[in-house]
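Engineer: Below, each chain spelled out in residue letters.
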Amino acid sequence: MTQHRPLRDWLRRNLFSDAFSAATTVALVVAALCWLPDLIDWLLLQAVFRADAVACQAANHAGACWGVVAEKYRIILFGRYPHQEQWRPLLATVLLLVVIVASGRGLLPLRAMLLAWAVTLPVFFILMGGDRFGLQPVGSDQWGGFPLTLLLATLGMLLAFPLAILVALGRFSSLPLLRGLCRSYVELVRGVPLISVLFLASFLFPLLLPPGISIDVLLRVLFGIVLFAAAYLSETIRGGLLAIPAGQHDAAAALGLGRWQAMRWIILPQALRAVVPSMMNSAVSIFKDTSLVTIVSLYELTGSLSLALAGDPEWRSFHLEGYLFIALIYWIGCHAMSRFSRGFEHAAH
Amino acid sequence: MPAQRWRNLLVQALIAAGLLALLWWLLDATAANMRERGIRSGFDFLLEPAGFGIGESLLPFDSGDSALWALAAGLANTLRVALPAILISTLLGTLVGLGRLSPNLLLRKLCAAYVEALRNVPLLLQLLAWYFIVTDLLPAASKALQLAPHVFLSKSGLSVPWLGGDGGLIDLPQRGAMNISGGAAMTPEYLALLLGLSLYTAAFVAETVRAGIAAVPRGQSEAALALGLTRLQNFRLVLLPQALRGIIPPLTNQHLSLTKNASLAVAIGYPELVSVANTTLNQTGRAAECITLIMAVYLILSLLTAWLSAWLERRNGRWADHS
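Chains as they are written, first to last, in the numbering used here: chain A, 1 to 349; chain B, 1 to 323.
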């Protein structure tokens with residue numbers, strides 16, 4: 001007698017396929033029963049959601065103190081930006097996010113997209129910096145929190161991209177000197193930690209410029225991030241270029257295209273399309289790596305959390321809740337980018 | 001085509017000249033800047049006394065020792081955290097990666113959740129969080145948690161039994177009224193860094209391992225099982241040797257990034273190479289020299305690892321060819 005029992009079949013296939021699997025299932029369920037109630041207690045049931053330091057202290061870490069986020073979210077999200085003017089970074093961030101999401105989802109035709117970027121980036125800087133259209137000037141040393149994280153990641157990626165293409169193409173040049181230079185740059189940067197590049201940008205760049213000229217620390221750090229990201233991106237693009245079958249080169253040559261024409265119109269577009277998922281991985285890394293600028297005293301998201309909590313004896317014992325809050329922000333950003341890259345892969349196949 | 005060759009040579013000469021001019025201009029500007037600000041240059045500071053202490057060190061060090069020795073102690077500390085972290089992350093990552101391929105749905109989801117959660121949050125943030133958990137949320141040394149007999153965990157770190165001690169083969173930590181004595185003590189900084197680096201890198205190792213095994217065609221397993229091999233034999237003799245070819249190169253890269261990521265210790269005050277070099281930089285003002293030293297050491301480490309990895313790949317290639 002064969003009877004169709006979907007639930008039983010499903011359980012057998014997924015949870016009890018053999019003795020080891022069954023033991024794993026039992027062990028995991030028992031562990032969940034032991035730990036989950038405590039976790040839910042801490043996260044929600046015994047947690048304090050009001051911005052009330054006394055209630056948080058009274059909970060004595062048996063429940064999370066989400067009140068710390070309610071109390072400090074403006075400093076965590078916007079750093080030292082003047083309180084009254086914080087609508088400006090908020091608006092700038094929302095605008096930039098809208099353009100990023102619209103570009104990622106392909107909601108706009110190419111021309112409109114380029115136009116949107118060309119408008120949004122200057123608007124972002126005007127909103128943040130002010131000193132125009134009656135906006136009060138705010139120096140870039142006061143920029144902080146999420147807008148700074150977003151700015152560093154976006155500009156880092158946008159500026160690294162053309163440089164990376166040039167370096168990747170340089171590695172296929174017929175000039176040995178150019179090939180050697182591009183290769184040394186990539187190997188050098190990939191061999192050292194980002195923090196050393198940031199130290200270079202923050203301590204050494206001021207010395208390299210002629211006396212009298214100084215650039216803002218934000219730009220210097222951005223420059224460092226671009227140099228760093230371009231090396232990794234160029235390796236990705238080079239991989240894409242190598243993966244294009246020789247027939248494509250031959251066909252382009254047969255059509256009478258020169259070497260660089262073939263590169264520009266035939267090879268590069270295919271190579272770039274093929275490596276979009278790996279480039280998204282680089283974008284995720286850059287987004288996470290922006291947290292390192294806090295070590296050279298820029299108050300992006302991670303830095304502004306310390307700014308908000310470290311000096312406040314009432315709230316400083318609730319750092320963990322603050323870390324979890326910004327971890328969630330980073331997680332959403334990274335997760336969205338990997339989702340996009342997976343979607344692209346499915347669409348391509 | 002001789003004309004083409006001459007043109008190429010000319011272009012390269014122009015590039016070289018342009019680069020040299022840029023370099024000369026930068027060095028000139030730097031020299032002028034340093035004169036103006038009264039910054040001295042040169043590596044002579046390396047032999048002068050460091051003038052600062054190092055919280056914990058594998059090599060014997062005090063502030064009278066030279067800056068060079070301080071940097072060596074920093075490098076030793078980098079390796080002291082990187083090597084165990086490489087071991088832990090590889091083991092844990094392999095388990096999680098295998099878990100993601102398990103027929104058990106719960107285990108698969110749990111391992112996927114681990115990878116997703118740890119990989120998508122900046123390492124720096126995780127390190128700061130671990131450091132906060134160890135130093136602020138754990139009980140004081142007098143009320144240390146006892147994880148196992150003679151293994152104590154508290155605000156002052158982790159104490160475990162270790163070889164040696166007075167008059168015995170093994171030195172067991174004991175809980176006193178105020179602190180823990182004996183055994184090997186890991187400081188909170190070391191513990192947070194070790195945990196953070198290992199758990200973060202394990203997520204990437206897991207992905208590497210999963211991808212490597214998934215890349216072996218299904219037919220291989222099916223053929224092995226049809227030949228009567230058990231699942232374990234199939235894994236050990238058929239899947240693993242083929243998967244390792246795809247796993248080892250990216251795995252070495254993960255180990256290398258772990259070593260580079262150890263430099264984030266500067267944020268929680270564990271005195272590894274970058275942290276010590278940063279202190280030296282602040283003490284002596286020799287930015288160019290200190291940054292060059294950091295970069296040179298890491299480049300050498302990278303080259304050594306690349307060499308080791310190529311050797312492993314060759315060896316592994318030989319295994320696969322012979323079996």
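Hint data in this document are derived by calculation from the structure and do not stem from the laboratory. Hints may contain errors.
Selected chain A positions facing chain B (Cβ under 10 Å, derived; list incomplete) [as the list claims (entries may be wrong)]: (1) Arg13; (2) Val54; (3) Glu187; (4) Ser196; (5) Val217; (6) Leu268; (7) Pro269; (8) Gln270; (9) Ala274; (10) Ser291; (11) Ile295; (12) Leu324; (13) Ala327; (14) Tyr330.
A few chain B positions that, by computed beta-carbon distances, are all more than 10 Å from chain A [to be verified]: (15) Ala29; (16) Gly38; (17) Phe43; (18) Leu59; (19) Leu68; (20) Ala117; (21) Asn234.
Quick caveat, the model's predicted, so the values are computed rather than measured. The beta carbon of each residue, even a glycine, is placed where N, CA and C say it ideally should be.
Engineer: Which hint numbers doesn't this structure obey?
Structural biologist: 2, 5, 6, 7, 8, 9, 15 and 20
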